[in-house]
Amino acid sequence: MYNILNHEELEALKKAEPQRFQHLVKGGAYLDLRQLALAPLAGIDKAQTEQLAKIIRGLAFVAIDSVKSGHPGGSSSKVEQMLALLLSEVMAFDPLEPKHPGRDRLVWSAGHCTPLLHATLALISESLSRQGQKIDKEKLGTVLPTCLARFRHCDGPSGHVESTYPLADACTGASGHGFSVALGLALLQKTNGLDAKIFVLAGDAETEEGMSFEARNSIISMGADNIIVSLDYNGFGIDGPITEVISQPYVNYWLASGWNIIEVDGHDILELAYAYKKARVSFSNGRATVVICHTIKGKDYGKLTGTADSHGTPAPHPEYIEIMKNLGFDIPGVEGESQKDIEAVISCLADDSAAYLVERLAADKNLIKPEKELEEELKVALLGRPIVDYKSIRRPEVLPPELVFKEGEPVAIRKATEAFFKWLMGQTA
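Sequential numbering of the sequence shown, starting at 141, is according to the working numbering.
Note that these hints are calculated values from the structure, not bench results. Treat the hints loosely; a few may be bogus.
Label-pair restraints from in silico Cβ distances [claimed, not checked]:
id	residue 1	residue 2	range
1	Pro458	Gly380	49 to 59 Å
2	Lys480	Ser269	12 to 22 Å
3	Ser303	Val165	32 to 42 Å
4	Phe560	Leu153	51 to 61 Å
5	Lys166	Pro541	24 to 34 Å
6	Met362	Ala182	31 to 41 Å
7	Val165	Glu549	49 to 59 Å
8	Ile527	Gly380	20 to 30 Å
9	Met362	Asp529	42 to 52 Å
10	Glu542	Glu237	34 to 44 Å
11	Thr331	Glu542	17 to 27 Å
12	Ile553	Lys208	44 to 54 Å
13	Ala177	Thr568	49 to 59 Å
14	Lys166	Lys208	44 to 54 Å
Bear in mind the structure is a predicted one, so any value in this text is a computation, not a measurement. Each residue gets a CB set at the ideal place from its N, CA and C atoms; glycine is no exception.
Given only the sequences and the hints, what does the whole structure look like? Please build it.
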């Protein structure tokens with residue numbers, strides 16, 4: 141017998157039964173790909189990716205300087221993540237039909253990173269144009285390079301993510317609530333018998349929020365294994381290091397909820413590609429996966445690189461010019477003439493790089509199922525329920541019995557609401 145309050149007996153117990161003092165976290169799988177010698181992947185060209193990453197950063201930095209507002213830090217740290225999603229043949233997406241019902245969904249939980257979103261869309265538009273594709277900006281709801289000079293103006297690209305844009309399936313702003321949206325989208329796909337993936341671009345600082353914790357816990361509890369989170373672990377929030385509010389090893393916040401975890405260098409395209417591909421095929425354990433991407437906040441953003449200040453602080457114009465020169469862009473740098481800087485960046489996009497991007501986007505398009513096939517899957521999953529536009533549903537002239545309550549009898553609002561939604565769900569898929 142042991143008296144564990146006695147130091148000597150406690151130490152003796154540790155030697156005799158060490159397993160009592162070790163807790164092996166049960167639940168999700170864990171995989172660390174950092175600095176692992178990985179075999180080349182078909183379609184992943186590191187040299188081309190580096191060129192595309194440089195163009196995206198350049199366009200994002202011009203957009204921010206044009207209005208002296210925006211979020212360079214998280215936008216720059218996530219560039220390789222965004223490119224890996226597009227280049228690795230893991231996310232079903234067609235830039236010429238960006239809202240195709242068979243696409244995978246992308247939620248920007250870090251909804252402030254619009255310089256990255258808009259710069260990426262501008263790069264896609266330019267690359268498609270180089271390949272002879274006419275781009276109808278209004279029809280596609282996309283962004284052209286010239287639009288970036290009007291960033292955060294009422295007639296230009298938005299300051300926070302809106303779902304009208306391609307590669308954006310939720311309106312988001314302040315970090316944190318994207319996880320809840322992703323869960324809703326994931327359950328919608330699952331209950332409809334569809335196998336679309338829900339990708340989430342998130343930041344590390346939002347982990348501290350209660351809303352985020354509840355959503356991440358619910359994602360696992362409800363079996364939403366079609367969610368893949370790309371977590372930008374750059375070590376800083378808006379105010380300072382995340383260690384000021386997150387005192388445990390960061391990975392613990394995901395281990396505790398039972399997520400599958402893959403850790404990578406968030407600026408290594410090959411590690412990212414492998415991680416996303418593994419997450420897509422899953423670990424076969426019914427759990428969602430988070431890819432923790434170790435990154436540099438404000439990468440290549442001059443003096444603000446690797447700082448919390450890069451979160452939402454644009455570099456002074458003279459420093460911006462130096463940043464762009466260091467990236468290899470010979471911009472005019474005349475304040476108030478951002479359009480010329482955009483042209484200088486776009487002129488550095490080589491035709492072979494544009495062709496490479498378009499080729500990889502074609503592979504993403506091939507992941508999309510035809511609408512007819514999706515419709516058949518819906519019919520099977522919904523057991524013959526009518527597939528109609530929910531906006532066309534009207535109140536019946538004669539209410540069904542389940543929606544009629546005896547006059548004068550008290551009925552809890554939750555019961556009446558439950559009855560209504562049960563009826564409504566029976567009218568539509």
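Each hint tested on the structure:
1. Pro458 / Gly380: 49 to 59 Å: At 26 Å between Cβs, range violated.
2. Lys480 / Ser269: 12 to 22 Å: With a Cβ separation near 19 Å, Lys480 and Ser269 satisfy 12 to 22 Å, so the hint holds.
3. Ser303 / Val165: 32 to 42 Å: Given a distance of about 36 Å, which is inside 32 to 42 Å, the answer is holds.
4. Phe560 / Leu153: 51 to 61 Å: holds, 60 Å
5. Lys166 / Pro541: 24 to 34 Å: violated, 48 Å
6. Met362 / Ala182: 31 to 41 Å: 35 Å Cβ-Cβ, so the 31 to 41 Å window holds.
7. Val165 / Glu549: 49 to 59 Å: holds, 51 Å
8. Ile527 / Gly380: 20 to 30 Å: Roughly 50 Å apart at Cβ, these two residues miss the hinted range, so it is violated.
9. Met362 / Asp529: 42 to 52 Å: Hint violated: Cβ distance 27 Å, outside 42 to 52 Å.
10. Glu542 / Glu237: 34 to 44 Å: holds, 40 Å
11. Thr331 / Glu542: 17 to 27 Å: holds, 21 Å
12. Ile553 / Lys208: 44 to 54 Å: Holds: the Cβ-Cβ distance is about 49 Å, inside 44 to 54 Å.
13. Ala177 / Thr568: 49 to 59 Å: Given about 52 Å between the Cβ atoms, the range holds.
14. Lys166 / Lys208: 44 to 54 Å: Once the Cβ atoms are compared, 50 Å apart, the range 44 to 54 Å for Lys208 and Lys166 holds.
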